[in-house]
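Asker: Protein chains in written order, with this note's numbering: chain A, 5 to 337; chain B, 1492 to 1974.
Calculated from the structure, these hints are not laboratory results. Keep in mind it's a predicted model, so treat the numbers as computed, not measured. Do not rely on the hints blindly, as some may be mistaken.
To be verified - Listed next, with one range per pair, are the computed distances between beta-carbon atoms: (1) B:Lys1816 / A:Ser227: 42 to 48 Å; (2) A:Arg144 / B:Gln1623: 52 to 58 Å; (3) B:Leu1496 / A:Arg35: 35 to 41 Å; (4) B:Thr1669 / A:Glu126: 48 to 54 Å; (5) A:Lys208 / B:Asn1733: 57 to 63 Å; (6) A:Arg35 / B:Glu1974: 23 to 29 Å; (7) A:Lys171 / B:Glu1974: 32 to 38 Å; (8) B:Asp1668 / A:Gly173: 46 to 52 Å; (9) A:Arg35 / B:Asn1733: 56 to 62 Å; (10) B:Asp1668 / A:Asp256: 22 to 28 Å; (11) B:Asp1854 / A:Ala111: 51 to 57 Å.
Think of the CB as a built atom: it goes at the ideal place given N, C-alpha and C, for glycine as much as any other residue.
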Amino acid sequence: MTVPILPTTMVGSYSLPSWLERLKTDHFARRISRHDLDEIHDCALRSAIKDQEMAGLDIVTDGELRRDNMIDYFVERLPGIHIDRSSKKFYYDFYDSEVLGKIPMAALGLVDDFKFLLANTERETKFCITGPHSLCKRLRNKYYPSDETLATDIARVMNMELKELVKAGAKLIQIDEPYYSGFPEDLSWGVKVLNALVEGVNAKVAVHICYGNRYGKPSWEGSYGYLFPTILRANIQQLSLEFARRGGEDLDLFREFSPPFELGAGVIDVKDQAVETADIVAERIRKVMKFVPAEKIVVLPDCGLVHLPRDIAFAKLRAMVEGTKIVRKELGP
Amino acid sequence: MILHLNHTRRDSAAASTSEVVGTFLTLFEEGHLTSAQFARLQIYLDWLQYKQNFREPVTVVQTAESATGGLSRMDVRIDSRQVSPGSLREFVKKAIRPAHLGAAGAQERIYLEDFRSLRTSIVWSFNQLYWQRLKDWEHATGKSYERALPGGVSDGHNPQAISDSAKEFWKLLKELDTYHQLPPEIFILEIGVGLATRAGMWLDRFCALDQEFGTQYYPRLRFLLGDYSLSTLDRSRPAVKNHIDLCSFIALDALDPTKTLSFLRHKVLHVHSSNVYDNLPDEEVVWRDNRLYWVQVRAYIPTEEAASIAANCGILPADTVRTVKRLLEVGADTLPEHEKGMAFWMSTWKAIRFEERLVDALDLADAELPTGLSFQQMEDILKDAPGELRFHLSSGALESFRNTLPLLHPRGYLQVQDIFVTDLADYCMGFYGPGKLDGSIVNWVNGALLREVAHRGGYDLHFVPFQYRAGSKTSILYTTQRE
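So that you can see chain A by itself, here it is in the shape it has in the complex:
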């Protein structure tokens, strides 16, 4: 299946319903079994996939509704990490996790998640994981000499998992690295780790870098200027950045540095519940096109939709799709 020009997709997560939030927390309080929670997740994921299809997205994700947050889902799967399970009261809290020894190689079990997505849609798919830099920033490192060495070892383990995902049919894999924006001084080694992560992975690789979306608010502010030129050394095919909330000032960087990769342009503000009109979305896309050719643009929200109510998240996706259609029409056949 091919996607049209200006393909539309989500960054990764879809609206987490309050009832699911409640049930996840009930699981941590031992009121719901793992088996029941898995079934609940399956239903929620099918619904999220269906919503994306109904909204008209060209590329769909699983909505990431199995994940408590962007860190713990992966930390729990990384072997050798000590997790204090009593540290989480609310499902969204981060565990206190410590690295006490070398992280051994092991399968992370993400392939099953991808297969579930593949089995429930006929659209093009994208599978998203949190990158080693972001993960290492949430771990208490008591073994490795530096964050860089810890992240490199995480990348080594995850690289194997990415290859397994490709074997299972993944064609587009997104690495989420929002912590780059909080620790711009790490970027140089962060890119090295990123390249280690994707080495030999035979799929299109996108990297999503935003300014944080924890609790639906930004964690940092600044300019994407810190990314350049270092990010040009990354062996990736797509860079996904947020522009809707922050405005398009940083788009100039794409003119200045002409990166070889596609731009995943955030045109939906996920930190504001006001639903954009299709015209606003179209205008935002046109603005991006002044700096990047349409053939190299992917249309998506600024970040995950996890903190938005479902009706608003859906309406925003619809607006995004409709706005994209306006611009496609202007571009002609």
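Model the placement of chain B on the given structure of chain A, informed by the hints.
Answerer: Only chain B this time, still in chain A's reference frame:
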């Protein structure tokens, strides 16, 4: 009969308790209470912190029969502060009479509204009138509103506290500057400005710090003074006249600052308010037998007092309700003579009392918790609470808090100086409002609920007791980012 000793004074608790027990037993023996009533009696002995409040010395709290099989109790609340030795018997007899006589009780009271949640009571219109026409009130009393505060001064104006606040903010800017993250414009918001005394002192101190260290942050400040009263904003200008070019005076609703300032979403580095939350619309609930009950109130003026007020102000007693409505629309000039209008306002406000009743939340189709708080969250919060607890929802404070957070820059923080109940269990040990403070309402703020809402919004809340004045009851709330 069960006696709840809630908030008592150590020096008078024993005497009050024995008088209460003796009085009710005697009234029962004399036939003023039936056996059924006596068996259902729940007596609450309180010591109300605020001398001016909305309670009679003895109040019978009605209990709306619940469709789900709820309450069938007779709650009597006694304000031991208002009851002098030997007077309890008459107060109790008076209080239980309407319960005996039903509608006949209405003859003793002029009602200003139907039963409703405190949040929508007419008393908030009086509160609003006070702030909108503060000059009139101050002129009539001959003293500024600050002198009505306990201690006669506002902790918000403490020079050392203000100096420390300015220094703390300067340090944040310095840190952001070090990491090249300092925005070109530095937004600060003060919600509820009063006379801007604090704002003026804060800016003086910040300016001095900036000059001392040569950091050039001061010219980049954008100091926003927000208040819902335009006249208050006008009155605040002189206090910041030395910094007027950096200041903007903005009419905003403290309940929803983001509505006015949405263009500053995620841009404000410091939001401050002082003595605002305790004056925002509030309501009370009761947690009892694992159920939530709304405390509904009905404001009234005792008929006897209304007659006296009417005589003094030259109106007919029958015109009391109409005159109150006009007063709330146009102020003291509702009467031909301004002085009489003021007398009507002040004496009516002083006379207003509440009837109360409890209604099961399940029976209220429109029962809503403040934004950001769900019934499930509330159950989680209350699961470890004492068996029975009456507490504030702090609806207005929660709404304001929740609607302020989106303005904060990722490194920004909110500081609120106010009176907080930081632990729900504290509601068992003291009375925290509503009280009357001059012409306004005062309620302590439920910090425990604020903490819960903050947590879900991505912030940790910290309450630091105000250390700059011995005996101060205020605390400073500040936010930090929750990881």
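Asker: Hint compliance check: list the failing hint numbers for this structure, sorted ascending.
Answerer: 1
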